[in-house]
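K.L.:
Here the protein sequences come in this chain order: S and Y. Just so you know, we're using our numbering here: the first sequence kicks off at 1 and counts up by one. Just so you know, we're using our numbering here: the second sequence kicks off at 1 and counts up by one.
Think of the hints as simulated: they come from the structure by calculation, not from any bench. These numbers come from a predicted model, not from an experiment. There's no promise every hint is true.
Non-contacting residues of chain Y with respect to chain S, defined by C-beta distances greater than 10 angstroms in every case (computed) [stated by the list, open to error]:
#, residue
1, 29
2, 30
3, 31
4, 34
5, 35
6, 51
7, 55
8, 56
9, 58
10, 98
11, 101
In silico lysine-lysine, DSSO-like type, Cα no more than 30 angstroms apart, as pairs [what the hints assert, rightly or not]:
#, chain 1, residue 1, chain 2, residue 2
12, S, 27, Y, 90
13, S, 231, Y, 80
14, S, 43, Y, 59
15, Y, 80, S, 678
16, Y, 96, S, 43
17, Y, 80, S, 668
18, S, 185, Y, 5
19, S, 325, Y, 54
Heads up, the beta-carbon is just placed ideally off N, CA and C, and yes, glycines get one too.
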Amino acid sequence: MNQNKKTFSIKGMHCASCVMVIEDSLKKMDGVTQATVNLATEKATVIYDPIKVTDEQLSSAVSNVGYQALITEEIKTEDDEQKEKQQELHDLRFKVVVSLILGGLILWGSFPGLIKTSPVILQNFFVQLLLATPVQFWAGFGFYRATISAIKHRTANMDTLVVIGTTVAYIYSTVVTLLPQLMIKVGIEPMPYFDTAAVIIGLILLGRYFEAKAKAGTSEAIKKLIGLQAKTARVLRAGQEIDLSINEVVIGDIIRVRPGEKIPVDGIIVEGESSIDESMVTGESMPVEKISGDTVVGATINKTGTFTFRATKIGQETMLAQIIKLVQEAQGSKAPIQRLADMISSYFVPVVIMLAFLTFAVWYVFGPAPTLLFALLNTVAVLIIACPCAMGLATPTAIMVGTGKGAEHGILIKDAESLETAHKIKTIIFDKTGTLTKGKPEVTDITAFGSMDKDTLLKLAGSIEKGSEHSLAEAIVKEAESQNLVLFKVEKFQAIPGHGVEGMVDNQRIVFGNKRLMNKEGISLTLADDQIAKLEDAGKTVMMIGLENKLVGLIAVADIVKDSAREGLIALQKLGLEVVMITGDNQRTAKAIGQSLGITRVLAEVLPDQKEAEVRKIQAEGKVVAMVGDGINDAPALAAADVGIAMGSGTDVAIEAADITLINKDLKSVAMAIVLSKKTMRTIRLNLFWAFSYNIVLIPVAMGVLYPVFKLLLNPIFASVAMATSSISVVVNSLLLKRKKIV
Amino acid sequence: MDADKIIVIVVSFLGIIFTYWFFLTKKGQAVSVSDSVDIVVDGGYSPEIISISKGKTTKLNFTRRDPTSCLEEVVLGDFKIRRHLPLNQKVTIELKPEKSGEFTYTCGMNMYHGKIIVK
Chain S
1 MNQNKKTFSI KGMHCASCVM VIEDSLKKMD GVTQATVNLA TEKATVIYDP IKVTDEQLSS
61 AVSNVGYQAL ITEEIKTEDD EQKEKQQELH DLRFKVVVSL ILGGLILWGS FPGLIKTSPV
121 ILQNFFVQLL LATPVQFWAG FGFYRATISA IKHRTANMDT LVVIGTTVAY IYSTVVTLLP
181 QLMIKVGIEP MPYFDTAAVI IGLILLGRYF EAKAKAGTSE AIKKLIGLQA KTARVLRAGQ
241 EIDLSINEVV IGDIIRVRPG EKIPVDGIIV EGESSIDESM VTGESMPVEK ISGDTVVGAT
301 INKTGTFTFR ATKIGQETML AQIIKLVQEA QGSKAPIQRL ADMISSYFVP VVIMLAFLTF
361 AVWYVFGPAP TLLFALLNTV AVLIIACPCA MGLATPTAIM VGTGKGAEHG ILIKDAESLE
421 TAHKIKTIIF DKTGTLTKGK PEVTDITAFG SMDKDTLLKL AGSIEKGSEH SLAEAIVKEA
481 ESQNLVLFKV EKFQAIPGHG VEGMVDNQRI VFGNKRLMNK EGISLTLADD QIAKLEDAGK
541 TVMMIGLENK LVGLIAVADI VKDSAREGLI ALQKLGLEVV MITGDNQRTA KAIGQSLGIT
601 RVLAEVLPDQ KEAEVRKIQA EGKVVAMVGD GINDAPALAA ADVGIAMGSG TDVAIEAADI
661 TLINKDLKSV AMAIVLSKKT MRTIRLNLFW AFSYNIVLIP VAMGVLYPVF KLLLNPIFAS
721 VAMATSSISV VVNSLLLKRK KIV
Chain Y
1 MDADKIIVIV VSFLGIIFTY WFFLTKKGQA VSVSDSVDIV VDGGYSPEII SISKGKTTKL
61 NFTRRDPTSC LEEVVLGDFK IRRHLPLNQK VTIELKPEKS GEFTYTCGMN MYHGKIIVK
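Just chain Y, same shape as in the assembly (with noise of 0.2 angstroms):
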């Protein structure tokens, strides 16, 4: 086999291996929150993991930075909430959780997503 093949073939494997660990193993450090969080929605969400407590009231303070049109709603299946976040505009979002786990929240189409820990 050339030499040219043998390194598209070893590239390419390094280019799937790169692919599955940038993209698919990353994990994330759980912000834990007391009261508020300021959320900034910029290619998707810092902090994009927060753990906030049960049976309490948070807000979650949403704002873009981000013009994608994916971006431009958040919803919060589990709790009901779908909003629209407009450029550069804090949206609060006030939860009271009333049951403990973890639950997504994502962009309206769902490419983009973030993790709510309930203890």
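One chain only, chain S, in its complex shape (with noise of 0.2 angstroms):
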């Protein structure tokens, strides 16, 4: 049986049960052996008898049950473009291959170095021409197959200033051989070119070659992110373990991972525990303990433990499916830097043309003789040394290296023009709760009187505030239960609300809460006044426990500051920056965590509504701002700073308003992130520079500029060299980027 295999897209699609209905649909066709679609690609693969089945019915199938197939849209598979560019780039070493070897025996056999050194065969025009001919036009075919569709569309490119550079120089070399006693008429001796439009072409096609290969490292980040993608998933259903393609799995799928796999797809843990490694996807280099209830990512490492999982998000939703959206978009984007390149290379090709005409008639009528040769040369030297690819090159490419950098380390950059203004930040604003801190209370100290214990303070405390709903409860409970304490029997519990809370253990009476409730308990805190103050000032929240009338010890509840906050607020210190911190705290407690981190300006009391007011203040102050939040209240100020940074762990709207979202936790990446813009800006300047400056400095000097003076000419072969290495020099120096440390 003859069999077909075709791909196509399909649209419409939005979740895995569209790819079962879709499959169903297709395999219910009589010709039909296997059909697969891909939920993530939006393509289809069948596999039929073309006899039976033709394309049009193949369409109806998929119509038939709501969607959209693209059949006459021919799919190549990454494979297939892989295997096309490897092909390209191996016709393109080839054609370099044979035209330096060809170019390299024409300039042996002309150049006035070498000639007397070469065999007198490659001294003859004739065979001259022969060798330069398939150089010209079997090599340079692409360059006039490029200029004279450009030519339909009024448009030139690089390819046309080869064209007419290397034309020029062949046209010419064919007539001093065909016609040499017409030269010797005119005054020139017939001396032919070959060697110039060999080698030019030559020396092209191999900048080009390295340019491909270079240009491929630029794109590497976001083959890398897609590689990360799992294939299978293993599912239980109906009792059994199987596994699935990646494209099966439907949200709320049981997943069963063992160590040392792969998370198939985004989800909750439902039963084990694990390290995970997540540094693939967040840059954290440490693995992360995740519990039952915990979330996991796709395409991160399952380390030790085995657990299963509830799969919540597939498909285009998945943490790693939005990176790279992400990063896709970012590099698509346009840097305001690049629009004075975007505007001199339109009109580049065009000027050169015309400074070639400006070139060839100040030397024809001034030059000195033989002018025409003098002429020639000096006009083919211009068009060949010009270089409109360096300035098309020099910003997307560094582009494409910082934001796939950034991605890496877990920083994902909107778009370039934020990549752009981070390099400017001059202020950098923090909000305080669950961005410098991580936005849930826990115990900080315990201090007890009397005969009382540390752990039978805790036990009291935690028993009591079991029933309690208030925030700071929860603190304490877990910091009980994080001990192994077992808790007592509480009775008669009450909460006051404004105070804290009251109850009997043991047949005692037990008070905790305020100062407000000891002091409506007539309990003293004579012996605790020091310590209270002590733990107040450093921004602690203290709470008391009287038991039968007395006072027997204190805890303080504390939103504890992240690990990383010192560190990556000293990083940001040292890049020069000013360094905010906002905050709803009241004045002694926002200063004192302000103070514990060596924040000096703290913006406390500040209601959520307000803190946009408060972003648009400090830009009035004529600083460029960067606001970093993490929650929905986030959002506005995020939007209204010139870079608004999101924690990852913030809400989908804070991600939504930010320039730049941190897909760890950790606060040293807002410096990284800086660092990553400076880095990145950095380069752009030098390639533009670069771009500019040899084009500006190289057409005059192969106008001859320098020549009344110095007597200076610039080699059209050398001219060559100059341009093959220039656009390479851009590509390469934007993959520097990639080895810079900006930890």
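Using the supplied hints, reconstruct the complex from the two chains, each of which is provided in its own coordinate frame.
P.N.:
Okay, here's the thing in structure tokens:
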């Protein structure tokens, strides 16, 4: 039976159930032996008998279930594209080798310094014509093809310049070879320049070959991210474990992951615990401990334990898919710094052609004899030296490498403009809760008085707070549980709003709460006054515990500062940035936390809806402001700031409003993002400076401006060497960004 | 001045004028697109200027026929899109512009240009 394989795009899919519906519909067709649909790539691959099944039938099988098949579109897989690219490079390399060998032989037989060492046959002009012709029209065919196509659109590009330059040299040399008498008649020694034409083509092709290889490196990061995607998942269905393709996983599936395996999609652990390496997605180098109820991210690696999790996000909704989308968008965006280069490059080639005419005329009219020869060689040099590609590549290649490098470190940059603005930041505002601090209060200090010991104190506090719904109660109960303390049974529990709680343990009355509660109960605090003041000055909330109307201890609770906060802020201060903290806390607490972090400018008692106004106030001081936050209430401030930076654990709203998203919770990433921006911008500036100055300096040199004073002219062959290295150097400089340290 | 020199000056001058006129003064006609448009990439973009509607999804189907490496990518910077165009393969880009105006699309090296007019 004749079997055909066809891959085509499908439009309208949005979930894994669409995959099954389309696959079922295709498989039902008589003549279709296999049909697989990929949600991520939105493509279907069908193996079928072309005698029984037509394109129209495939199309209607898909449209019958409510989707659209784009069958006429021939889809090549990534492997096919890779092979095609390899073939292109292979062909190019062959042309480079042939043209450089032939060009080299011509050069040997014609270059003044080498001619004496060459075989006589190579000095024959007809032999040189024979060697130069395949280089000109076979190796250089691509230049002609591109030029003719461009001319049809009244457009000119680099190929146009190469074609005009080398054709002029080739035709002149052919005339010299075929009609030497004519040249003698006009007073020119009949000397061909086949070497110029052939070697220029060889060198420019060589430049293209290296450029293509280097350019592939600029999009490596995105390829790496795509490669992270897991291929299969071990799904528990109907009590059985089955290996399914990633596309067949649906939301709600329970998936088992064993040690060393890749987590296939995003989800929440339902059973088991493990240590997970998330470095490939978040840039966080340390493995993260996860237990039941924690979220797991697709494409990360399970290190130690076995667990099952419920799939919550699949296909284009997974974190990895979102990261890839963000990076692709950033790489497709344009940086404002590029505008000038864009404008110049759109006029560049026609201007160079006009300069070539001018060069010819000036050398022919005013130049030394033989004027025609000087005019021709200098015109060719002008056409060949001009390099618009370097200008076009200067910014995008650096942006691609920069955004890719960011993604590798868990720094997602929304677009090139954000990357550009980030290097100008002067002030950086941090939201306190959840950004500088963990956002979850924790017990920091336990002080027991008299015969009471700390464990019993915590047991009492934990027991009585177990029934409370207050946010601080959770911290105390959690601390007691973490120390494996067995809690007492509490009777007559009662919450006293604004004060604390009370209850009976072992027939003893316990009160637990703030100063007001102690005063109300008539419990003296004299014993602990100093200690309370000290803790409050450190930005902590102090709660007192009274047993049978006597103070027996204090428990201080605070929203703990993240481990990475101090280091992260020091790194920013080292960059010369002003750091500001913004919080709803009271002045005393805010100041204490600010001081502990080395932040001198603290904006306290700021209500959530006032954050945006505070950002604008600082902007009004003439500063470029970045805002770092994570909550929904931070979104307006993030949007108002010149650069909004969302911490990855934050809400989707915050991430949507942000220019830069830090996937990991490490505050050092903020400084890393700014360093990355500075280094990328430095690379872009260097690239642009190189690309502009190269053309600004060397085009006049090729025109012969140095000749009147220094008698210096640019050999067209050297012009082609300079041209070929010019664009490669820009791409290589961008690739060097990969090696630069941003940590 | 010798006649040949005068001829060279005149021809060069005419060459400059012609180059300016031919490459820098061209004005294209915008092709009005309702749902989708096939854009052939061969030494440039055909059609080069398209006019699409604001707030409506329009499909731009690019097919590259030109093997020039310069054209292997198409960049719609204002829409944050950079796409690889495999040779002789249709690549569809969907646009739903939210604001009107003129936006350029270019090759990866910004040598070839097209224009999208959003009305």
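K.L.:
For each hint, tell me whether it holds in the structure or not.
P.N.:
Comparing the hints with the structure gives:
1. 29: Its Cβ never comes within 10 angstroms of chain S, the nearest being 13 angstroms, so this holds.
2. 30: Non-interface label stands for residue 30 of chain Y: nearest chain S Cβ at 15 angstroms, farther than 10 angstroms.
3. 31: holds (14 angstroms)
4. 34: Given a closest Cβ separation of 17 angstroms, the condition holds.
5. 35: Holds, because the least Cβ-Cβ distance between residue 35 of chain Y and chain S comes to about 12 angstroms, which exceeds 10 angstroms.
6. 51: holds (18 angstroms)
7. 55: Its Cβ never comes within 10 angstroms of chain S, the nearest being 20 angstroms, so this holds.
8. 56: holds (16 angstroms)
9. 58: holds (14 angstroms)
10. 98: The claim holds: residue 98 of chain Y sits with its nearest Cβ about 15 angstroms from chain S, beyond 10 angstroms.
11. 101: holds (15 angstroms)
12. S/27 <-> Y/90: holds (26 angstroms)
13. S/231 <-> Y/80: Cα-Cα ~29 angstroms, so holds.
14. S/43 <-> Y/59: Satisfied, since the Cα-Cα distance of roughly 17 angstroms is no more than 30 angstroms.
15. Y/80 <-> S/678: holds (22 angstroms)
16. Y/96 <-> S/43: holds (22 angstroms)
17. Y/80 <-> S/668: holds (28 angstroms)
18. S/185 <-> Y/5: At roughly 17 angstroms apart (the allowed maximum being 30 angstroms), residue 5 of chain Y and residue 185 of chain S satisfy the hint.
19. S/325 <-> Y/54: holds (23 angstroms)
Hint compliance for this structure: every hint is met.
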